[in-house]
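*Asks:* Residues per chain, in single letters:
2 protein chains.
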Amino acid sequence: MDLQLFDKQVYADRRQVLTQSMANDGLIVLLGNEESSMNYKDNHFSYRQDSSFLYYFGLDVAGLAAVIDTDTGEALIFGNELSIDDIIWTGVLPTVSDMAALVGVSQTRPYNDITHYIHKAQTTGRKVHILPPYRPENKIKLAAWLNVSLQDVADHVSVKLIKAVIAQRVIKTPLEIAEMEKAVSISVDMQLAVIKNTRPGIKGYELVAKANEVAIAANSRLGYPAIITPRGETLHTHYYGHTLQDGQMLLCDIGAENAMHYGGDLTRTVPVGQKFTTRQAELYEVVLNSMDHAISMLKPGVRYKDIHLAACQKLVEGLSQAGIMKGDPAEAVAAGAHTMFFQCGLGHMLGMDTHDMEDLGEPYVGYTDTLKKETAVFGLKSLRLGRELEAGYVLTIEPGIYIIPELIDRWQAENKYADFINYNVLNTYRDFGGIRIEDNFLITGTGSHLLGKYLPKSLKEIEGLKG
Amino acid sequence: MDLQLFDKQVYADRRQVLTQSMANDGLIVLLGNEESSMNYKDNHFSYRQDSSFLYYFGLDVAGLAAVIDTDTGEALIFGNELSIDDIIWTGVLPTVSDMAALVGVSQTRPYNDITHYIHKAQTTGRKVHILPPYRPENKIKLAAWLNVSLQDVADHVSVKLIKAVIAQRVIKTPLEIAEMEKAVSISVDMQLAVIKNTRPGIKGYELVAKANEVAIAANSRLGYPAIITPRGETLHTHYYGHTLQDGQMLLCDIGAENAMHYGGDLTRTVPVGQKFTTRQAELYEVVLNSMDHAISMLKPGVRYKDIHLAACQKLVEGLSQAGIMKGDPAEAVAAGAHTMFFQCGLGHMLGMDTHDMEDLGEPYVGYTDTLKKETAVFGLKSLRLGRELEAGYVLTIEPGIYIIPELIDRWQAENKYADFINYNVLNTYRDFGGIRIEDNFLITGTGSHLLGKYLPKSLKEIEGLKG
Numbered sequence: 001m002d003l004q005l006f007d008k009q010v011y012a013d014r015r016q017v018l019t020q021s022m023a024n025d026g027l028i029v030l031l032g033n034e035e036s037s038m039n040y041k042d043n044h045f046s047y048r049q050d051s052s053f054l055y056y057f058g059l060d061v062a063g064l065a066a067v068i069d070t071d072t073g074e075a076l077i078f079g080n081e082l083s084i085d086d087i088i089w090t091g092v093l094p095t096v097s098d099m100a101a102l103v104g105v106s107q108t109r110p111y112n113d114i115t116h117y118i119h120k121a122q123t124t125g126r127k128v129h130i131l132p133p134y135r136p137e138n139k140i141k142l143a144a145w146l147n148v149s150l151q152d153v154a155d156h157v158s159v160k161l162i163k164a165v166i167a168q169r170v171i172k173t174p175l176e177i178a179e180m181e182k183a184v185s186i187s188v189d190m191q192l193a194v195i196k197n198t199r200p201g202i203k204g205y206e207l208v209a210k211a212n213e214v215a216i217a218a219n220s221r222l223g224y225p226a227i228i229t230p231r232g233e234t235l236h237t238h239y240y241g242h243t244l245q246d247g248q249m250l251l252c253d254i255g256a257e258n259a260m261h262y263g264g265d266l267t268r269t270v271p272v273g274q275k276f277t278t279r280q281a282e283l284y285e286v287v288l289n290s291m292d293h294a295i296s297m298l299k300p301g302v303r304y305k306d307i308h309l310a311a312c313q314k315l316v317e318g319l320s321q322a323g324i325m326k327g328d329p330a331e332a333v334a335a336g337a338h339t340m341f342f343q344c345g346l347g348h349m350l351g352m353d354t355h356d357m358e359d360l361g362e363p364y365v366g367y368t369d370t371l372k373k374e375t376a377v378f379g380l381k382s383l384r385l386g387r388e389l390e391a392g393y394v395l396t397i398e399p400g401i402y403i404i405p406e407l408i409d410r411w412q413a414e415n416k417y418a419d420f421i422n423y424n425v426l427n428t429y430r431d432f433g434g435i436r437i438e439d440n441f442l443i444t445g446t447g448s449h450l451l452g453k454y455l456p457k458s459l460k461e462i463e464g465l466k467g
Numbered sequence: 001m002d003l004q005l006f007d008k009q010v011y012a013d014r015r016q017v018l019t020q021s022m023a024n025d026g027l028i029v030l031l032g033n034e035e036s037s038m039n040y041k042d043n044h045f046s047y048r049q050d051s052s053f054l055y056y057f058g059l060d061v062a063g064l065a066a067v068i069d070t071d072t073g074e075a076l077i078f079g080n081e082l083s084i085d086d087i088i089w090t091g092v093l094p095t096v097s098d099m100a101a102l103v104g105v106s107q108t109r110p111y112n113d114i115t116h117y118i119h120k121a122q123t124t125g126r127k128v129h130i131l132p133p134y135r136p137e138n139k140i141k142l143a144a145w146l147n148v149s150l151q152d153v154a155d156h157v158s159v160k161l162i163k164a165v166i167a168q169r170v171i172k173t174p175l176e177i178a179e180m181e182k183a184v185s186i187s188v189d190m191q192l193a194v195i196k197n198t199r200p201g202i203k204g205y206e207l208v209a210k211a212n213e214v215a216i217a218a219n220s221r222l223g224y225p226a227i228i229t230p231r232g233e234t235l236h237t238h239y240y241g242h243t244l245q246d247g248q249m250l251l252c253d254i255g256a257e258n259a260m261h262y263g264g265d266l267t268r269t270v271p272v273g274q275k276f277t278t279r280q281a282e283l284y285e286v287v288l289n290s291m292d293h294a295i296s297m298l299k300p301g302v303r304y305k306d307i308h309l310a311a312c313q314k315l316v317e318g319l320s321q322a323g324i325m326k327g328d329p330a331e332a333v334a335a336g337a338h339t340m341f342f343q344c345g346l347g348h349m350l351g352m353d354t355h356d357m358e359d360l361g362e363p364y365v366g367y368t369d370t371l372k373k374e375t376a377v378f379g380l381k382s383l384r385l386g387r388e389l390e391a392g393y394v395l396t397i398e399p400g401i402y403i404i405p406e407l408i409d410r411w412q413a414e415n416k417y418a419d420f421i422n423y424n425v426l427n428t429y430r431d432f433g434g435i436r437i438e439d440n441f442l443i444t445g446t447g448s449h450l451l452g453k454y455l456p457k458s459l460k461e462i463e464g465l466k467g
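Chains as they are written, first to last, in full-length UniProt numbering: chain A, 1 to 467; chain G, 1 to 467.
It should be emphasised that the hints constitute simulated quantities derived from the structure, not laboratory data. Among the hints, a few may not be true.
Each pair may be met inside one copy or between any two copies, as identical chains are not told apart.
[Claimed, not checked] Distance condition first, Cα-Cα at most 27 Å in a straight line; then the derived DSSO-like pairs of lysine-lysine:
no.: 1; residue 1: LYS453; residue 2: LYS163
no.: 2; residue 1: LYS41; residue 2: LYS372
no.: 3; residue 1: LYS160; residue 2: LYS275
no.: 4; residue 1: LYS41; residue 2: LYS139
no.: 5; residue 1: LYS139; residue 2: LYS460
no.: 6; residue 1: LYS381; residue 2: LYS182
no.: 7; residue 1: LYS163; residue 2: LYS41
no.: 8; residue 1: LYS466; residue 2: LYS127
Every value quoted in this text rests on a predicted model; they were computed, and no experiment measured them.
Make the full structure from the sequences, and use the hints.
*Replies:* In structure tokens:
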């Protein structure tokens, strides 16, 4: 084992900031993840540590939990040592206290001591702050530690802790940005491998194989399940059985998670053959214009929701030029007519998680107490990020046009948005598919910075890669 | 989506056999698996359906559960239909009743109806048979359905159902064997890609990348985490950060799980450079002789435990010729002295699971009521399979020699097995590493059949691949 860690002071400093935010308010409990069983207990998925645990305690090892005492600032790591039987199977690994020392923690205890430790704190009237569990085994543990039912664990989640953690993690430090540059550059190499191998007759899974090969050979892995499909209008498809055909487009949405667990998230849409068709090229340019406009707006102080809406308007303008939409573009967006084509949001925060900190809750990550998510509005309810940008945010810009036949049929039957949508024209695009283009940006003091190596995105550049 | 299924009659026939084994004894509940969350709820590991669910109901789809009524033989599938919102994200998928029809099931219900369905059966005094859950979310569900505490779920597991399921699944049918031939042949291609790329200077993860590429490009995946390491004595290491060096051996234990979820499990140990050293070659031959002897014993009616012990004796004979062991080989094995070098078992059942049906319990899969596992004996406690072989079993043969410095130090300090181990000689092998060779076999009416394409295993053949 070879733990990938920042300097121990990094973790100590992060914990100190958190302790100050939560000062004199009891205990903070951060749960590391267990192994996840695939088809029997000891056959595991590739291990993934919890991101907040990684942020404050760094240790990419299953079976740990940590407590920070906000009165004293002291941190403890709970974990079990290996037996000789374990060593035969896993080799010699550092002890829990050796590992703890690497992240600036001097106190360690056996794992099961945490139950008593927390119960004792509770009996002396101290608060116990927890983050929301997203894995069932962690929910089971927290219920036991807090002595509440499984159903009641959610009521014990600490919004104060959630906000304090987000406030820290949302601003990426130079150390983190350096990791994200690496992760995005590996993602670029993955994209290039897929694009160069995209051709008529190849199967989706053969391209997934290329993406995985590049990621793993760079000591990374896919940070989320690949979307590699000629049916790009299906936003989250993980079916790879299609045989690609000339005339189709391939939508490829992939990203590396590097050894330090920072990720990239890139999308390109490319012709399966040598060139886009005229119709494909026309709508590709519409998406690209929308993207470029959105990028030009990136800077501190601008609300991401406004960038999203401006990007939507660019899409509508382009779709109107193509004869698919009509009427005043601003009115169309205000009415929501663009959601026929762009059903989701322009992007999201990016970091150790692809949807960064989504486990802590979108209302806190992407929105604020004053700007709330519009959860009842189709389109905006899928906008993961709305808040005003600050220097240090890392996020995606990923506009798209998705032609979903089932949505055409449903809304046309209702005559919905008939003032803005030329259904007759749109119906000639029923089999068009989908286009998305996505890059990753750091918000700087004055604007934005494209993360990672440049990945071609213009029509000409993309077609050039296929030559 | 493109469901990979056998003919629906296959599933109906399997359920009928199970119903007959469990006749007039209440309900059988088979739980399909959910998606497993990686670092936030909606970021999932690659989906893996439960193997018993696949065996009886075939559907490789998250969020299903099934009930078989052993009085009537009727089967029900519980699952929820997609909304239009879901379709935007996932595309149009078949309905639950469409899917159920593909596996010969005519009755479907919304997922949550299963709670009431089971409670009702319980109130009318009917038994409810469940298999042991290996995922925490399934344990939570079963507790709710059976109206018992999480701790008490284990007490409600049905040994009768476990035995009935194992009795069926342990005998592979021609349809299954055809899938296993494919899976093992893909595993062979994975091995060849790794072996041909093994050279000084390459990183372990670069070889893992090759294995993944071959698997995924064949519409398969790794059935278990790869073991690709120059420290082959560490039985279950998943660390891939080593830079390979001339003079080392690489141990590669990998297997494909194909689209129908049948798996291969192959190991080869190869020189990192062009040739084995003299010491490596000598012990390689010892392992290969042990393997060949074990293979020659494979036939119905022979106890696998006896094959294991015979293979151990061959190892001891070879280690004695090399001057590392001494004394009478049979006595050494009877005393357990071989476990200094071979701490684990000779092999295990193979099927949809790498350790086939391990979730149902080794005492039932690998042993019988009359032949129990020796859980207190080092070595034998890790022998997953002991029972008498029958035609239709599929299993691995995987002897090895593993030199574990920590075990040498511990046992030498205790003077353990001093009559059988030449510690002075052994200590000159401290950095030797480990060797394992593994192939997969079907037990036939008269002997055994090697599954999949032939993968070179002799010293000469292996060195030839590196040329």
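*Asks:* A separate judgement is required for each hint: does it hold in the structure or not?
*Replies:* Hints versus structure:
In this assembly of identical chains, the alpha carbons of LYS453 and LYS163 never lie at most 27 Å apart, being 33 Å within a copy and 57 Å across copies at closest. Proximity of LYS41 to LYS372 under the C-alpha cut-off of 27 Å is restricted to the inter-copy arrangement: shortest distance 21 Å between copies versus 41 Å within a copy. With identical chains, the CA atoms of LYS160 and LYS275 are never at most 27 Å apart, being 53 Å at best within one copy and 62 Å at best between copies. Proximity of LYS41 to LYS139 under the C-alpha cut-off of 27 Å is found in both arrangements, the shortest distances being 18 Å within a copy and 13 Å between copies.
Neither within a single protomer nor between protomers do LYS139 and LYS460 lie at most 27 Å apart by alpha-carbon distance, with minima of 51 Å and 54 Å respectively. For the homomeric pair LYS381 and LYS182, neither the shortest alpha-carbon distance inside one copy (32 Å) nor that between copies (46 Å) is at most 27 Å. In the homo-oligomer, the alpha carbons of LYS163 and LYS41 lie at most 27 Å apart only across protomers (19 Å), although the nearest pairing inside one protomer, at 35 Å, exceeds that limit. With identical chains, the CA atoms of LYS466 and LYS127 are never at most 27 Å apart, being 59 Å at best within one copy and 63 Å at best between copies.
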